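Chain residues, written in single-letter form:
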Amino acid sequence: MERIAHGDRAAFAELYERFSGPLYGTALQILREPSEAQDLVHDSFVTLWEKAARFDATRGTVFSWAITLVRNRAIDRVRMRRRRADLLAASAPSDLGLGDDHAFASGADAASTSDEAHAVRAAIASLPAEQQRALELAFFTGLTQEEIARTLHTPLGTVKAWIRRGLLKLRDLLARRP
Amino acid sequence: MIDERHEELAALYALDQLEGDERAQFETALARDPTLQALVRELRAASSALAHTASTIPPATLKERVFASIAAAPHPAGSAQPPTPSHATRPESSGGRRPSLLREFLPWAIAAGFALVAAWTGVRYKSEQSAAVQLRREHALADVALQGVRQQLEAERIVTRRQLQVLDQQVNEANTRLAQARTELERATANLAAATNQTGDRARRLTEAEHQLGLARAAAGDLERQLADRERQAVRLTQRIEALTAAGADITHQLESARNRIAQLTAEMELQRDIADFKITVLASMVKDNPQALAVAVWDPTKKEGVLQVEKLPALRPNQDYQLWVVDPQYPDPVDGGVFNTDPQSSGTRFIFKPRQPVSAVNAFAISRERKGGVAKAEGPIVLLGK
Numbered sequence: 001m002e003r004i005a006h007g008d009r010a011a012f013a014e015l016y017e018r019f020s021g022p023l024y025g026t027a028l029q030i031l032r033e034p035s036e037a038q039d040l041v042h043d044s045f046v047t048l049w050e051k052a053a054r055f056d057a058t059r060g061t062v063f064s065w066a067i068t069l070v071r072n073r074a075i076d077r078v079r080m081r082r083r084r085a086d087l088l089a090a091s092a093p094s095d096l097g098l099g100d101d102h103a104f105a106s107g108a109d110a111a112s113t114s115d116e117a118h119a120v121r122a123a124i125a126s127l128p129a130e131q132q133r134a135l136e137l138a139f140f141t142g143l144t145q146e147e148i149a150r151t152l153h154t155p156l157g158t159v160k161a162w163i164r165r166g167l168l169k170l171r172d173l174l175a176r177r178p
Numbered sequence: 179m180i181d182e183r184h185e186e187l188a189a190l191y192a193l194d195q196l197e198g199d200e201r202a203q204f205e206t207a208l209a210r211d212p213t214l215q216a217l218v219r220e221l222r223a224a225s226s227a228l229a230h231t232a233s234t235i236p237p238a239t240l241k242e243r244v245f246a247s248i249a250a251a252p253h254p255a256g257s258a259q260p261p262t263p264s265h266a267t268r269p270e271s272s273g274g275r276r277p278s279l280l281r282e283f284l285p286w287a288i289a290a291g292f293a294l295v296a297a298w299t300g301v302r303y304k305s306e307q308s309a310a311v312q313l314r315r316e317h318a319l320a321d322v323a324l325q326g327v328r329q330q331l332e333a334e335r336i337v338t339r340r341q342l343q344v345l346d347q348q349v350n351e352a353n354t355r356l357a358q359a360r361t362e363l364e365r366a367t368a369n370l371a372a373a374t375n376q377t378g379d380r381a382r383r384l385t386e387a388e389h390q391l392g393l394a395r396a397a398a399g400d401l402e403r404q405l406a407d408r409e410r411q412a413v414r415l416t417q418r419i420e421a422l423t424a425a426g427a428d429i430t431h432q433l434e435s436a437r438n439r440i441a442q443l444t445a446e447m448e449l450q451r452d453i454a455d456f457k458i459t460v461l462a463s464m465v466k467d468n469p470q471a472l473a474v475a476v477w478d479p480t481k482k483e484g485v486l487q488v489e490k491l492p493a494l495r496p497n498q499d500y501q502l503w504v505v506d507p508q509y510p511d512p513v514d515g516g517v518f519n520t521d522p523q524s525s526g527t528r529f530i531f532k533p534r535q536p537v538s539a540v541n542a543f544a545i546s547r548e549r550k551g552g553v554a555k556a557e558g559p560i561v562l563l564g565k
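Chains A and B are the protein sequences, given in the same order.
The letter at position 61 of the first sequence is residue 61 when you use the working numbering, and the numbering goes up by one with no holes.
Quick note: to get the working numbering, add 178 to the position in the second sequence (first position is 1).
I should point out that these hints are in silico values taken from the structure, not numbers from a laboratory.
The model shown is predicted, which means the values in this text are computed figures rather than measured ones.
Think of the CB as a built atom: it goes at the ideal place given N, C-alpha and C, for glycine as much as any other residue.
Honestly, I wouldn't trust all of these hints.
Said to hold, decoys possible - Derived Cβ-Cβ restraints for the label pairs, each shown as a range:
(1) B:200 / A:34: 31 to 39 Å
(2) A:32 / B:363: 24 to 32 Å
(3) B:212 / A:126: 29 to 37 Å
(4) B:200 / A:51: 38 to 46 Å
(5) A:51 / B:210: 47 to 55 Å
(6) A:130 / B:249: 24 to 32 Å
(7) B:345 / A:32: 13 to 21 Å
(8) B:345 / A:126: 41 to 49 Å
(9) B:348 / A:59: 42 to 50 Å
(10) A:128 / B:340: 34 to 42 Å
(11) B:249 / A:125: 37 to 45 Å
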């Protein structure tokens with residue numbers, strides 16, 4: 001990141017190769033709209049290039065920073081879209097693609113499966129189904145905790161507990177990777 | 179040691195699920211607690227790892243766009259890092275060396291020079307400083323403008339995308355309507371074809387009906403001819419019937435004649451049969467002085483009557499009559515057969531007699547001379563007798 005902060009295009013190209021798959025996949029998963037996802041990922045990479053110097057390694061990894069950037073922007077758009085949809089009295093949930101399909105299983109492009117992706121999928125697959133579903137909704141949609149609870153027809157406290165346990169277990173599983 | 183409550187808040191925070199006061203309070207706690215910060219880092223890394231599950235290779239054009247954009251926009255580090263503004267171009271000493279002539283003025287000249295340089299440098303420094311401030315302002319303004327342009331572009335992109343979606347929707351609706359119109363057209367074409375077929379069928383039926391009408395007319399003509407024939411036949415038959423009726427009348431008449439003839443013949447036959455049963459008796463004179471006197475009696479047993487023919491009987495006195503008697507064994511005395519008188523000119527007579535009492539068998543007839551009007555029981559002399 002430091003090289004990028006100094007304008008190293010080769011380093012930036014390397015970062016693009018590593019991050020573009022998960023960033024684009026996440027944007028696509030949240031927005032469900034390829035051209036919009038591409039625009040968002042484009043803008044995010046430009047921001048990474050421009051703001052590389054502001055990266056603070058003490059607050060997290062570069063990937064966390066990049067994915068947070070993409071997620072926040074995508075969720076903002078989805079929420080804006082939902083506000084618009086609400087204004088238009090259209091139903092939001094179907095726009096968000098919260099069908100029965102499982103994002104963890106269906107979202108990935110087979111050609112882009114990396115070791116990282118395999119490891120993460122394996123770790124997630126070992127979580128109880130309700131924890132998987134809660135994490136999926138929290139990460140890949142613009143839904144708030146309350147909305148997730150309503151979507152899953154589950155008390156809010158239970159949803160929070162699922163998120164806590166699921167994320168802690170995922171952390172432990174990923175930490176144990178070779 | 180982090181409690182469950184803070185673990186939960188950290189997990190929600192790592193997933194950007196905290197909002198408002200909850201988020202602010204947690205961030206305050208987070209700022210004070212390195213352990214909590216470490217947990218948040220780990221959990222954020224774990225949540226970020228979820229992105230790998232959705233990893234999708236973007237189109238190659240995205241990479242081209244990204245690199246074109248960063249090539250067009252100068253890197254902030256590149257613009258920030260350039261060497262500091264030029265304070266290198268310090269001018270050389272202004273004048274040439276003037277060794278001796280100006281020696282006494284040299285210190286003044288140097289002093290004046292330093293003063294000038296100092297003044298110039300000060301002016302230049304201020305100028306550079308203000309220029310740098312100006313540049314920073316301009317840069318900030320440019321940043322703001324750039325942000326504004328980006329936001330505007332973003333807004334336009336959203337609006338354009340929305341318009342595109344609307345257009346897409348309209349195109350889809352138009353396609354749907356087009357498909358409906360096509361369906362309707364196909365249906366109408368099918369209906370037209372069906373109608374054409376029906377018209378053809380009707381035309382065929384009409385032709386057929388006309389043909390049948392022609393046949394019917396021909397049949398009607400035939401029937402009319404047949405009717406005329408029948409009428410003629412009827413006339414002939416009527417004539418024939420009349421002729422036959424006439425013939426029948428003749429026949430009836432002939433039949434009637436025949437019946438009459440048969441009746442006549444029957445009567446004659448009966449008569450002949452009756453005649454066969456008739457009893458014919460000749461009465462002879464019982465008087466010596468008038469032996470030529472004669473009478474014939476014919477008795478019809480069926481009618482219980484008879485005819486008496488008398489000839490040559492002597493004329494009677496005015497107070498006398500001849501009286502006929504019928505002898506029937508069932509009676510002790512002869513039965514009165516009636517009185518009669520002879521014709522003075524022919525001395526005879528003929529008359530039909532009917533006995534006063536029922537007679538079943540006739541044994542003999544007798545004629546006596548009695549007083550005028552006759553008597554119930556013979557009193558006078560018998561003049562004629564026949565058995």
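The hints, checked one at a time:
1. For residue 200 of chain B and residue 34 of chain A, the hinted distance range of 31 to 39 Å is satisfied, since their beta carbons lie about 35 Å from each other.
2. Between residue 32 of chain A and residue 363 of chain B the C-beta distance comes to about 36 Å, which lies outside the given range of 24 to 32 Å.
3. Take residue 212 of chain B and residue 126 of chain A: their Cβ atoms lie about 30 Å apart, and the range 29 to 37 Å holds.
4. Distance hint check for residue 200 of chain B and residue 51 of chain A: the Cβ-Cβ separation is about 27 Å, which falls outside the suggested range of 38 to 46 Å.
5. Look at residue 51 of chain A against residue 210 of chain B: about 27 Å separates their beta carbons, and that is not inside 47 to 55 Å.
6. Checking the proposed 24 to 32 Å range against residue 130 of chain A and residue 249 of chain B shows it is violated: the Cβ atoms sit about 48 Å from each other.
7. The beta-carbon spacing between residue 345 of chain B and residue 32 of chain A, approximately 19 Å, falls within the hinted interval of 13 to 21 Å.
8. Distance hint for residue 345 of chain B and residue 126 of chain A: a CB-CB separation of about 46 Å, consistent with the stated range 41 to 49 Å.
9. Taking the beta carbon of each, residue 348 of chain B and residue 59 of chain A are about 47 Å apart, inside 42 to 50 Å as hinted.
10. In this structure the hint that residue 128 of chain A and residue 340 of chain B lie 34 to 42 Å apart at CB holds, the actual value being about 40 Å.
11. Distance hint check: the CB atoms of residue 249 of chain B and residue 125 of chain A are about 42 Å apart, consistent with the given range 37 to 45 Å.
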